[in-house]
Amino acid sequence: MKLLRDTLLITLSMFILMWSFSNLPLQFETFNPIQNVLKDFDITDITFSQFKKEPKLDDKIVVVNIGKLDRGEIGQLLEKIAEQQPKVVGIDVFFKKLRDDKGDTLLQNGIKACKNVVFVSKLEGYNEKKQQYDTLTKSNAF
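Once you know that position 105 of the sequence shown is 106 in this note's numbering, the rest is easy, because the numbers rise by one and skip nothing.
No lab work stands behind these hints: they were computed from the structure.
Given the structure is predicted, the values throughout are model-derived calculations rather than measurements.
It is possible that part of the hints are untrue.
Pairs of lysine-lysine residues, derived as DSBU-like cross-links and limited to a Cα-Cα distance of at most 35 Å, are as follows [stated by the list, open to error]: (1) 123 x 97; (2) 113 x 103; (3) 88 x 123; (4) 98 x 61; (5) 98 x 123; (6) 97 x 116; (7) 97 x 131.
Produce the complete structure using the sequences and hints provided.
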């Protein structure tokens with residue numbers, strides 16, 4: 002009797018499980034990345050890409066990644082950049098305050114070696130009523 006009851010319960014549970022899976026909407030599109038990639042592809046893309054000339058890269062603009070250099074190393078790098086006589090140098094690093102004398106001095110010398118240096122600034126304290134910022138914080142490299 003116990004065996005019959007267990008068998009019926011397992012059979013009934015399996016039918017309920019199969020019925021619940023049959024009612025789930027199957028989304029196979031998410032499992033097919035190739036179809037998603039090729040959805041926005043057209044043969045004319047290949048044709049027009051062959052007619053189009055390669056754009057000429059502008060060698061007048063150079064981006065230098067400073068990575069994790071300290072202030073002294075950035076100053077030395079700026080001196081090397083100044084040797085190439087750039088028209089302008091943009092520094093996208095925010096210096097909050099002076100740190101150590103040696104590093105700050107090297108950074109200042111590198112900045113002075115470059116004739117035209119532009120620093121990053123930070124707008125703070127947006128006022129909703131006036132629709133403007135209250136404070137302009139400048140980078141403190143000196």
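Q: Taking the numbered hints from earlier one at a time, note which ones the structure violates and give those numbers from smallest to largest.
A: Violated hints: none at all, because every hint is consistent with the structure.
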